[in-house]
Amino acid sequence: MEVLLDVRGLRTQFHTSAGVIRAVDGVSWDVRKGETVALVGESGCGKSVSALSVMRLVAAPAGRIVGGEIIFKGRNLLALPEEEMRRIRGRDIGMIFQEPMTSLNPVLTIGRQLTETLETHLGMTSAQAQARAVELLSLVGIPDGARRLRQFPHQFSGGMRQRIMIAMALSCDPALILADEPTTALDVTIQAQILELMKGLSRRLGVAILMITHNLGVVARYADRVNVMYAGKIVERATARELYANPRHPYTLGLLRSVPRLDEPRRAKLQPIPGQPPDLSRLPVGCSFAPRCAYAIDRCREQEPPLDTVTIDHVSACWLAKDLPAPVPA
Amino acid sequence: MSRTGEETMAQRDGHSLEPILDVRNLVKHFQVGGGLFGGRPAVVKAVDGVSFQIRRGETLGLVGESGCGKTTTGRCILRLETPTSGEVVFEGRDLATLSERELRAMRRRMQVIFQDPYSSLNPRMTVGQIIAEPLSVHRIVPDRAARAARVQELLSHAGLLPAMAHRYPHELSGGQRQRVGIARALAMEPSLIVCDEPVSALDVSIQAQIINLLEELQAEFGLTYLFVAHDLSVVRHISDLVAVMYLGKIVEITDRKSLYEDPQHPYTKALLSAVPIPDPAVEAGREHVVLGGEVPSALNPPSGCVFHPRCPIAVAECRTTVPELREIRPTHRAACIRL
Chain X
1 MEVLLDVRGL RTQFHTSAGV IRAVDGVSWD VRKGETVALV GESGCGKSVS
51 ALSVMRLVAA PAGRIVGGEI IFKGRNLLAL PEEEMRRIRG RDIGMIFQEP
101 MTSLNPVLTI GRQLTETLET HLGMTSAQAQ ARAVELLSLV GIPDGARRLR
151 QFPHQFSGGM RQRIMIAMAL SCDPALILAD EPTTALDVTI QAQILELMKG
201 LSRRLGVAIL MITHNLGVVA RYADRVNVMY AGKIVERATA RELYANPRHP
251 YTLGLLRSVP RLDEPRRAKL QPIPGQPPDL SRLPVGCSFA PRCAYAIDRC
301 REQEPPLDTV TIDHVSACWL AKDLPAPVPA
Chain U
1 MSRTGEETMA QRDGHSLEPI LDVRNLVKHF QVGGGLFGGR PAVVKAVDGV
51 SFQIRRGETL GLVGESGCGK TTTGRCILRL ETPTSGEVVF EGRDLATLSE
101 RELRAMRRRM QVIFQDPYSS LNPRMTVGQI IAEPLSVHRI VPDRAARAAR
151 VQELLSHAGL LPAMAHRYPH ELSGGQRQRV GIARALAMEP SLIVCDEPVS
201 ALDVSIQAQI INLLEELQAE FGLTYLFVAH DLSVVRHISD LVAVMYLGKI
251 VEITDRKSLY EDPQHPYTKA LLSAVPIPDP AVEAGREHVV LGGEVPSALN
301 PPSGCVFHPR CPIAVAECRT TVPELREIRP THRAACIRL
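Which chain is which? The protein sequence lines are X and U, in order.
Following my numbering, the numbering of the first sequence begins with 1 at its first residue and continues without gaps.
Following my numbering, the numbering of the second sequence begins with 1 at its first residue and continues without gaps.
Heads up, some of the hints might be wrong.
Stated by the list, open to error - Here chain X is said to cover these stretches of chain U; the calculated rule only asks that three of the stretch's residues, wherever they fall, bring their Cβ under 8 Å from a Cβ of chain X: (1) 72 to 85; (2) 123 to 134; (3) 171 to 181; (4) 218 to 225; (5) 232 to 239; (6) 285 to 292.
Hints in this document: simulated from the structure, not taken from any laboratory.
Virtual Cβ for every residue (Gly too), placed ideally from N, Cα, C.
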C-alpha cells in the first residue's frame, strides 16, 4: 500500500542543564494509507516527541529536530516554510491528545472552536462551517449538535470532550491523525467507546492513525503494525499479530510478560523487567536495554545492535533476536 | 478464596477467621452548592451503603470507574473523611466510638499508599528523613541511631539501596518513589494498608515490580490490603476478594475466582469485556460488550437500579426497584433483579 508518512532517521534533542537529551535518536518508521500504526513504549521513550516532531511542534529553544526527514505526501515537512506547515497541521494531519481539557480553549464555545478550523483551513462561510460542525458532532456520536455547539468544554464529560477532539481532528478530512494516548485519561468503558469510534471512523473515512500508547492491550486490539520504542530508538517493528506471537526483542518480550492477562490463568508471580529506564542524557555504551536484559552478552555492552530483519516485515535491534525464547513464560 | 490452590495467609497462619476490617452500611454524602448565593445545596451520594469484610492477611480489590466512590470508601475507612453513617470496625473496634487519642493510636495500624507518590512525598526532605519522620513523631523509635538503622531496614524491605536515604524525591523515578511511599507506610508497622491506585501512574515494566513487592511484604508481615484500582487485570492478580462499585454502591462482591470466571452483574461483565487483551489473535475472536452512555452524575443518580440506563438487560422494573445486594450463591453476591 502507498506510504503516506515516511519518517527517516529522525533525531530530536533537548538541550538542558543536565546535558543533551537524545529524545528521538535516529528513528525511521512509516504509515501507509488508511492503516493504524502504533508507537508503543514507556514514559520518556520518545514516542510523544516523535509525533510532535512530525507536526514540528517540539518546544524551542530547548528542543530541536537535528536530523532526518519527514516525508508526507511526497514533501519533506522539515524543509517547509512555517506558513505552509501551518496549513498542514489540522488540515492534512489532525491531532488528538491525552487530556482533551487542556487542548480545548475553556472560554470559547465548542462551536467556535470547531468552526474556526473550518473557516481558516477550508475557507467555509460561517453558515457552512456551522452546518459541517453539526455533522461532525453527529459523526462522533454527539446528538443534538446545534445546541451542543453553544456549550463550553467544561459542560462536557471527559469522554464527550475526547469525542469533540476527534471531531476537530477530522474536520478538514485529514489523511492522517496523530493520536497521543487518546484514551489513557478515560475510564475503561469510555475508553472502549472512543477506540471503537476511532476504528470505525478510520475504516469508513480511510484515515490513517498513528496511535501513541503504552497500553499493550489497546495496541493488540486496534493496531495493524507496531513500533516498539525504548530510550529514543525503535527496538522492534512488526505487524501486530507477528509482534505478539513472536516478539524478537527482549524488551518487547519483557513488556508482554510483565502484564497480567485476563484470558490466562493467574500466575503466582508477575515477571517484571528489572531495573529502571535509562537516563537519556547518560546512555550506556552498546544496547540501551542491556543493563535490564536477562539475555545480554558481552557484545551487547560493547556494540549497539542495528535494527535488523528477522523475517519479512519484522525487524529487531538485538544481537540475539533469532535466539530468544517464545513469549509464553516458563 | 484461595490463591492458585494455596491457602490464604489467614488459613496458613491459623489466624481466626474474624475479619480485621468490617465495613457496615457505610454512607458518605457530600453537600455541594448552596452557600453564598442561596439556592438549595445538593447532595452527592459518594458512598451509599457499602458493606464488606476483609480477613487478616487477605486482599480485597475495590474496582470501579472514576467517581464510583472507591477512593472515598478508602478515605472513610482511614477516617480521612468522617462517614455520614455506617460503621467501620477495625481490629474489633468501631472507629466512630474512639476518642481522638485512641483514634490516633489506631491510625498507626492502618496506612495508605497513594497513586502519585510524588505529590505525597515532601520535596524538601531526603528519603531518609521522610521515612524517619513518622518513627520520631509517633515515638516508635525515639533513639536517633536506632532510627537510622530502622530506616535502612525499611529501605531494604522496599527494595531500595541504602544510599537512597540521602536522595530527594525529585531525583527518583516513579517506581522508586512508590517504594519510598511503601517504606514510609511500613514504618508504622500497620496491619492494614489501603492501596489507592498504587501502580496506575507507573510504567508497565515497573508496575509488576511494585505488585510483586506488595505481595512479598504481605506474606512477610501478614499485611491486609484494601486495593483500590480501576485496572481489572491487576486487581485479579493481587486480590483474594473483589468488590465492584458503581455510583456509590457495591454491585457485585465475591472471591476472585468467581468474579473473573463467572461474573454475574451486567456491569461487571461489561467492565471485563472492555479490557483489551494484549494479544491480537485473542482479540480478533473476542466479543465486546461496549456499554453505551456514560456514568451518570452522582448528584442526580437514576431511579431504581443506578445502572439501568446503560444496562443491556434492563427491564421496566429496573427503573423503579432498587436491587438489593443478595446472595446469588454462597459467597457470591450481586445487586441485580434480573439474576
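Do the hints match the structure? See the list:
Counting residues of the segment 72 to 85 of chain U whose C-beta lies closer than 8 Å to any C-beta of chain X gives 0; at least three are required, and the coverage claim is violated. Check result for the segment 123 to 134 of chain U against chain X: violated, 0 residues qualifying (beta carbon to beta carbon below 8 Å, three or more required). Taking a C-beta to C-beta cut-off of 8 Å, the segment 171 to 181 of chain U contributes 4 residues in contact with chain X, enough for the three needed, and the coverage statement holds. Interface restraint, the segment 218 to 225 of chain U with chain X: violated (0 residues with C-beta to C-beta distance below 8 Å; minimum three).
For a cut-off of 8 Å, the count of residues in the segment 232 to 239 of chain U with a CB near a CB of chain X stands at 5, and the three-residue condition holds. Counting residues of the segment 285 to 292 of chain U whose CB lies closer than 8 Å to any CB of chain X gives 4, which reaches the minimum of 3, so the coverage claim holds.
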